[in-house]
Each structure stands twice: as structure tokens, then as C-alpha cells.
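Colleague: What follows is the residue order along each chain.
4 protein chains.
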Amino acid sequence: MTTHQLTEKAQGKYHYTIGPYTQPVLRVRSGDTIVVETRDAFEGKIKDEKTRPSKVLEVPFLNPQSGPIYVEGAAKGDALAVRIESIKPRGPQPRGTCCLIPYFGGLTGTDFTATLQDPLPDLVRKVHITEEEGTRWNDRIIFPYEPFIGTIGTSPQIDSINSLTAAKHGGNMDLADVCPGATIYFPVKVEGALLYLGDGHAVQGDGEVCGVAIEFATTTTITVSVVKGWELAWPRLENDKFIMSIGSARPMEDAARIAFADLVTWMVSKFGFEKFDAYFILSQIGKVRLANMVDPNYTIGASIAKSYLPK
Amino acid sequence: MTTHQLTEKAQGKYHYTIGPYTQPVLRVRSGDTIVVETRDAFEGKIKDEKTRPSKVLEVPFLNPQSGPIYVEGAAKGDALAVRIESIKPRGPQPRGTCCLIPYFGGLTGTDFTATLQDPLPDLVRKVHITEEEGTRWNDRIIFPYEPFIGTIGTSPQIDSINSLTAAKHGGNMDLADVCPGATIYFPVKVEGALLYLGDGHAVQGDGEVCGVAIEFATTTTITVSVVKGWELAWPRLENDKFIMSIGSARPMEDAARIAFADLVTWMVSKFGFEKFDAYFILSQIGKVRLANMVDPNYTIGASIAKSYLPK
Amino acid sequence: MTTHQLTEKAQGKYHYTIGPYTQPVLRVRSGDTIVVETRDAFEGKIKDEKTRPSKVLEVPFLNPQSGPIYVEGAAKGDALAVRIESIKPRGPQPRGTCCLIPYFGGLTGTDFTATLQDPLPDLVRKVHITEEEGTRWNDRIIFPYEPFIGTIGTSPQIDSINSLTAAKHGGNMDLADVCPGATIYFPVKVEGALLYLGDGHAVQGDGEVCGVAIEFATTTTITVSVVKGWELAWPRLENDKFIMSIGSARPMEDAARIAFADLVTWMVSKFGFEKFDAYFILSQIGKVRLANMVDPNYTIGASIAKSYLPK
Amino acid sequence: MTTHQLTEKAQGKYHYTIGPYTQPVLRVRSGDTIVVETRDAFEGKIKDEKTRPSKVLEVPFLNPQSGPIYVEGAAKGDALAVRIESIKPRGPQPRGTCCLIPYFGGLTGTDFTATLQDPLPDLVRKVHITEEEGTRWNDRIIFPYEPFIGTIGTSPQIDSINSLTAAKHGGNMDLADVCPGATIYFPVKVEGALLYLGDGHAVQGDGEVCGVAIEFATTTTITVSVVKGWELAWPRLENDKFIMSIGSARPMEDAARIAFADLVTWMVSKFGFEKFDAYFILSQIGKVRLANMVDPNYTIGASIAKSYLPK
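Here the protein sequences come in this chain order: A, B, C and D. Each residue of the first sequence is one higher than the one before, starting from 1 at the first, in the working numbering. Each residue of the second sequence is one higher than the one before, starting from 1001 at the first, in the working numbering. Each residue of the third sequence is one higher than the one before, starting from 2001 at the first, in the working numbering. Each residue of the fourth sequence is one higher than the one before, starting from 3001 at the first, in the working numbering.
Because the hints were derived from the structure by calculation, they are not lab data. Even glycine gets a Cβ: it sits at the ideal position worked out from N, Cα and C. Certain hints may be false.
[Unchecked claim] Residues from chain A that face chain D, not an exhaustive set, calculated with beta carbons under 10 Å:
id, residue
1, 21
2, 111
3, 233
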């Protein structure tokens, strides 16, 4: 197994849409490890607390993605397993950014939930992030260092989807379980899978309610493996404690329906449950993570503890 | 402080709608404790696994409620605090019921999400429940005993709301945090508050996805207190670890918006946060519980750990 | 057949919730006609353009309803047919009101779609309404006189539903087809049906997007008839041109699903269509009216022209 | 002005995604007319009533699009006006197709509204279409010939969106107003605009409730013009009678919010209305068309009659 370096320099141009129309920046084999330098979601444009996001950010050039990474042997109908090995902060302090962007977020009218009201203000907070302490928000409040990758996915077959949107390919799920120790499974729709990732978050609450986490540039280490012949409808995730299906849609109940229905399917096909028994059991001990309530599609993960699965 | 007994006999007729048009069955003072015998959501009509729910259940006579309990001194503009002291199982084994009800649940078309498809089957599981073991679902799977009250609320001012629906008054929230050790705060809209409760669940997963938890009859002990002059828009909850605001609405994102917006308001008015600082902070460490995705309104609780609040 | 007068004086107290807990103000027989004096939705409190709605309106005392009218012979399982005979304006000029109410309407955050943004302004327009001209909005724009009843419904079985909300019982549908010449069918859930009505609109666009139509007091003439043994799930409507099923729910697609699914059922049970043939046909020539996108439940009517029905 | 022919042969390969990654098949100038041979949405694969759609249709190769057409002079920040001149049926009889596709449509669970229920059946109807008679559905029911283009749009800037989905670029709106006599305005995001179109419907009801209209191959004549410097957020439409803004989103209320908010903006910027006056006026005489309730995004058009606009 080889370890590859996907530095900023090797990456060159970052990407703002996830699809099959971009040349791979790296070719790897199943089982290889890649150390990726991701940029923060604002690509470093929000330099200080006087910056106004609405002035420096330009749609659709948001949420830059590393990749695509071509994984040899991956073909339509397979799954790509991506294990998150570690996520380290990168760049000079204050290296973390949180902000309000007009008409974006969970408690404001938006492009889609269109209203005639004035927007909330542009506001920026720049913060220090360390692995040891996390983020000191103020004298009293310290956020833990609980890093994860907000955006990660494989190329759709013929579509190309902006990096702000989550869908069947993964994408901007903003799911805090995509953290060190987790393996995420994505549908492969094109030769080589074409994996993109970016959007590191040093910490994030359920729902990412203001629209922005503690955004930062990272050095993220992943290991990729091809699972031949495992056709997935939606992304799935696994860690030491649970298995999770991930749905992204609007309204939010559809994201939940997708996640639970896919989890029932998984329990039946892989673990031998009867369909309605799985449905009954999830009704008693299933868990739900609201990943984001702010992106063009909302994301929900539904999970069941491994202790309830047969060995 | 007095302890009252609200037995089945004292209750007499149970209620299927929560409103101001029913005579109180009990009058108590602020600070009093009440030991309530609640019936299960099917009022014992699902006696065995051969029973077909669609045959024995009759809309709207579902989810019987104990009460209303009149709390002296409670008036419009106050809040009623209800502390859940304990929840004990009641009645002969198998005392627990789980079932599928046609066109009801999270992964089926319903009365509202109307489709032309055939329903899922009527299915019943009757199970033993003990405090010590929980529920032995099968030889391999044991659900823990994590009891809570599914339905609890105070009377609206002029409406009467069926006991299957959650709204500003509380009601059928199916929120697993309404468990021993928690205090729930409800808006008071009429003299005496008129508290109703029922719908004990021995355990339930996030979302209650099949529509039914492990339903059981309980002996539930609560303590009620009037908080004068605390006007609430939606129910709130507090335990040792966190404070939580509770929204009930459709689509699900509106339940989440309500919960988070109310939590911001609470953080500002009671704990001295600035509005947008609270919004930023919740975006990093807020937690979300999906209570139900099956009732006429979906319920979401948004919470923040007390460790982030000023002492 | 008798004609009854339900004047303001005979009505006495108006009602703000539709349910079984109110004494009838009038008893009539099937086939009788009633001339009803309805109040405007603000009960005349918005007297001039300087009035601020948020100051004079008090929740939940909004949208006053005439009735309930007890119709002899109506029993659970029947339908009540209400034919709108005529709607005349009432009271001194300017007798019409339109306004913006903070956090209410289609293009603003609301109680349910909760945001942190400032509200839109309180604004009031008082306008003259005549049957001959309609409403002269300004020198260039004249709205036609197309009056209808915004709120009308029969009592639920045990619930009482505020007069701002539409549901299975009818209620605040704000459906412009409830106009002279139309017959609306409601489910009967209690003895006597208990019919309530109010909320006259001199004209209203699809969706009632700002939340308020041209609200006015009316003299409305209706004829009521009991249809024995016709059990309805949702209200239906019929006029010279079409038959319509009416769904009220959130999200809006559920209102549409309800309306179309009920219309399929109606076409099958009454007009002899096969289920999927009805579905195919509606896909080609069904019509949709968005009644309101502002009330606690959105209302949609789905219809098919009578020319496509067998004679 | 030149008239171009975009025949099946000239088109060669049809496209299933709308984006900037495809070479134009035709270059035209502003003001030119193009006669386009569109294929039906199933690309002729549903040949008879014994065909099972689920067997012959292969996702994502659905809804083939003609184009892209490069319009000289069109640049980011402009609008492209497309006038529909005429739509003629094409190909041998029975040239029309209607069908049920499993887990697709308005009254069934779907990929997104995921349920555990069995699907509705695969069903196919093949029908004759003529301009003179329309479509004879059965001995009693004849659908009028009211043809329109279901899918039409310009390329997004960096995304490529499958031809089943409507969004800011237009796409699969299934809006019956896109018919002869109408001019539709699209945002231009890339050089040459890159116009795609297809998906002719011989007739379709509001909402396209079963998921499929009377689908047919057409010869469609359009005229395209560049409107320099008119930056649009969403598509707009104009005909002799009204102007319309078009929103596509989920849940359906967001599509309505987008459409009405955009229409307010249009009334203000082009016709001199004050913002809240426009809001008031639309609340009284605005009209709503539910275009589709079946595609990945629902589409709604909000319109105002030209008679209410200043000359």
C-alpha cells in the first residue's frame, strides 16, 4: 500500500462542482492512503473580522474541493470505502472562521425560502484552533476539537453537482460523523470513482444552524478501498459503534425517510433481518443525526448500534 | 407538599383531546406531587398478536390521557413546570405493545402524505417489560428500559387538540427526553393550566419511525410547579445536562427552526447571550433530538449543554 | 323550506374556534336557507390606515365565526352540503381592509418558519368595496368584485380548531371557489353538523400571498342540505363547471396529494372510473387551485371539469 | 434573421444533463429561428402497451434533450429570451405515450419520499395525437391538443443538471405555459447561453400528477434573442395576457415563495411598483400555476395579468 501526498501545490486548481468532467489530479490503488491538504470553505478569503462575506465570496466559487482522485479498479456498480484516518489543522492562526452570510443559514429566509425581509448582518469571527485545546470562543466557552470533513463524495454518472449540495453522491453533507475512525461508503458511478473532498470543520453542532461551522484548512489523511459489486443508492457510514445510512433531500422528513429506508434495506440484505422486524427495531433503538439544516439539501443520518447486529 | 393519587378509578373516563372543555379530575397546589396511572396508547385493546389494530382501534379515540389536573395559582402568562420523578410499568405481562397501523408511520404513505399504494400490513408484537431487564425483543436483542411520557401538555386557550398531535401546548411530542429527572415547562393559557398526560413508552428510538414505541401502561410520578410570569411560546425542557427548546410542526425543518429560534431567545433572555453570538455558538455545539417523524406534527428538540451556560 | 336570518344581534358572541363545545345559535332543517351577517376577519378593529394590526389584534381572538348552525337530521357519517347563494357587502365605507401583520404571510418568516430576521412593517390599506365596481385600489388598478367565504366548516368530533386553521373539517381554507354558485360538502362528525362560517373576501389572489385578502363584513346567503350516508374524509366542492377535492396540510405537496388522492377516490366511487385510469386522466386535464400559502395549513383544491365525467 | 434546422440527424446524440460540458450542435445569432426535432421523454423506447417502463428505461438516460444551441453574443449576466413559435407532432401513430413508472409520480412513495410499500404497477397507454382532434383517450374522453415544451433551459455556470430536474436554469419545469405564443427568459451563465430543450407534451394537467403527460416527439419552432444586461435569478415567462415568475424547489411552498418573491422584484424593478404595494396587489389578483408535483424539484409559476401593469 502506498501513501500519496495531495498538497496544495499538487492540487493546483481546486474545484467547486463534483462531477465527471474534471481530470483526476491523482491516481491511486485500492488500499492506498492519501494525505490531502484541504482549503477552508471560503478559500482563505475571509482574512479578518472586518471582512464582509457578501463582498468577498463569489457564487458559485465556494467550498473548494481537493481531487478528483481516481481509484483504479473502481467501476459503476461498486462502492468506494473511504476511511478517515486523521484530520489536522493547517495554516497560520487565527486559522478558524465562522460567519453569517446574508440569506444563508437555518434561521433566515434564503434563496429558496424566499422572503421580503432584510437579511441578517454579515458578521465574521476569526478564531484560533489547536488540536490540544480546540477553539476558545471567549473567556468562558471553549469548543472541543472534533474535526470532520464537511464535503466528500464521488462523481455522479453524468451530472456535476456544486460543492454546496449533498445528494446521492455524498457532497456537502456536513455530517459530523465523517470524522477520524469512520469509514464512509459511496456509490461508484464512473470509472475510477473520482473522489472529491474538502470543507474541514474543527467542530460543528447538529444542523450547523447558522450555516457555518468552525471552518478551517486541514491536512486530512484517508485510505480508500474499492468494494466490488456493492451497489449503493445513498452513502453509508460505519465506525466502531454503529452503522448509518445517510439521506439528503428537502423537506427534511424526506432526508429522514431516505436514511431509515436505506438502513432497513441494509439490515435486511447484509444482516439477515426481516423487513418489518428491522422497521420495528429501529423504531425502538434507531438514532438520528441531523447533519445540516442549511444547505440546498438537508442531510440526516439514521443509525443502529452494532451491539444490535448479529456478529 | 402533598402527594396525590390519580388512579384509573379516580380518573374514570380518559380523554382523547387536550383542551379547556373538560372538568378537572384533580386539583393540586404548586409543588405537589401526583402519582398517575396512565393507560397505554391503545387503551389495552391490542391484547395479543392476532389482534388487527385496524379492526380494534377507532379514530379519534386513541391515546387516552389522564387529567386534566388543575394547578392552583396557574394563570395565563405563567409557565407550568412538570418534573418527571419516576415511571414504573403497570399491568400483567406481556404488558408492552408494538404494532404497524395501516397508513400510519414514517415509511409509508399516510392520511396526509396521501398515495394510491396498498398499505403495509397490520402487525402486532406483544412483549414483556421489566424495569430490570427492559424488553427482550428476541433471543439476541434486548431493548433497555428507558421509559418516558410520550404525550403531555397543558390546555390551549380556546382550542382542543387531539391527543395524537403535538403543538405549542406540548401534546404528543414523543420526545424521549421527557423521562425521569427532566423538568418540562409548558405555557399556561387557562386558569389552573389543565395538565394532561399519558402515552408511556418503555423505550423509543429517535423519530419513532414505525409510528409506535414499546407502548405500556405506567405509574408515573410527577411534581408540578407554577412559574409566575414566564410566558412561553413553546415547551422547554431541562435536566442535569442541558436545556432544550421543543418545536412541533411540518415540514420537519420548521420544527427545527422553531426549536433553535426559541433556544436563541432563551439564551438571550435568561442567560445574557447576544442574539447572534448564541446563533454562532449553537452552530458549533447545539444538539438536536428528532423526537417523532410520524405524528400530525413532527417534533424536534434543540439543546445546549449547561456547561456552556454561565453559572 | 324556510329562510332564517342570522343577524349580528342574533349571533351575539362570535366564535374563534370551530368545535362541538359551543351551543348552536340557530337550528334549521335540511333544505333551509340562512342569511348570515358575517364580520370581517379583524372584527372591525382595523378602522383606519393609522391602526397598527399588531397593536389591536389579540391572538387567538381572530377571524370571528358566525354559528354554529345546527342542521336537523345530520349525523356522524353524513355529509353537509352548503350552497353559497349570494355574498353582499355590509357596513359603512371604506368597508374593506388589507394589511400586513408582522411575522404572518407568504413572504416572511412566521411563528412556524421561525427566523431571527426583523419583521416586515405593519401596514394597513382601507378600501371602498361595491358590488358594481369592486375595489378601486388606486387610480389605475381596480380589483373585480369576486366575493367568497374564506372560512367555513363543520365541527370536528372531539377537537376544537381555531378559526385560522384549515383541516379535514374545512375551516380557514381561503379558497376562492367557495363563492356564489358553488356547493361545498363537509364531513359531519357530530349531531346537527354544527356549521360555522365567516371571513368574507371581496377578492383574493391564488395563495393569498401577503396573508390578507380584501377583508369585509358580508351578508351571505346559504342553503344547507344533509346528504345521508356520504362519509367524506375531506371537504369537496362542486359548481357548474367542475368537481373539486380540497386538501389542507403542510408541506404544500401534502395538500396537493390529499386533494388529488381524494379526487381519484371520488371519480372511482361516484363516477365509475378505474383507479389508475382516473390517475392518468387527472395527469392530463386535472386543475389545481392554490387557495392559501399563509395559514397554519396550506390549502389546495384539485378539480376535473364535468365535461370529462359521465352524464 | 436566419431559420435553422436542428433535425434528429443534425443533433446526433441527445443529452440527459444540462450543463457547460457539451459541445454545441448549432450556433445561431440573436433573433434567429430554429426548427427543432425533439424526441419524446422515453426516447421512443415505450413502443406498445405491453412494454414495462421499468424494464426499458435506464436511469439517468431519460428525457433526451436537443442542443445545446450556442447563441452568439450571449454572456454571463444577460438573459436569453426564447419565443415558442409552434409545436407540431412528429412520427408514426400511436405517437403519444402515458405510463406509470414504479416509485415515480405524485401519489406514490418515491426515491425521496422513501417508503416500504410496494410500488404501483407499471402501466402503459399508447395514444394517437393529432393537432385537429387532440388525443382520444377513450370513446367518451378527448383531451385537447395543448402542446408545450416540458424541459427547456440554459447551461448553469459550472454544474450540469440532469434533464429530469428543474432549477434556476429552467430544466424540467413541466410548465404548460411554455407553449406557442409564450416567451421564456432564462439566466445566461456561460458564453453562448447553451440552450437545451425537449420533452414535448401534447397536453398536461396541473401538477402532472401521475408523473407523465401525453409524451410525444415534436417539431418545435423557437426564436431566440439575447437581452443584454438583464440578470435573472430564476426563469420568467411572458405572453399576451400575463407575466410570470417561475420557482422550482422542495418543499412546494418554497417554489411558491420563490415565484412570488421574484414577481415582486420584477414588478418593482421593471414596472415601478413599490415593494409592499406589489405584495398587496398580488395577494388580491395574483395567479398560481402548479406546473409539476412529481419531479426532483416542484415547479410553480406566479403571474399577474398585464392589465394590472402600467402600459
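Colleague: Look at each hint and say if it fits the structure.
Modeller: For each hint, the structure was consulted:
Hint status for residue 21/A: holds, given a least beta-carbon distance of 4 Å to chain D, under 10 Å. Because the beta carbon of residue 111/A sits about 8 Å from the nearest beta carbon in chain D, less than 10 Å, this interface hint is met. Because the closest C-beta pair between residue 233/A and chain D is about 8 Å apart, less than 10 Å, the hint holds.
In this structure, none of the earlier numbered hints is contradicted; all agree with it.
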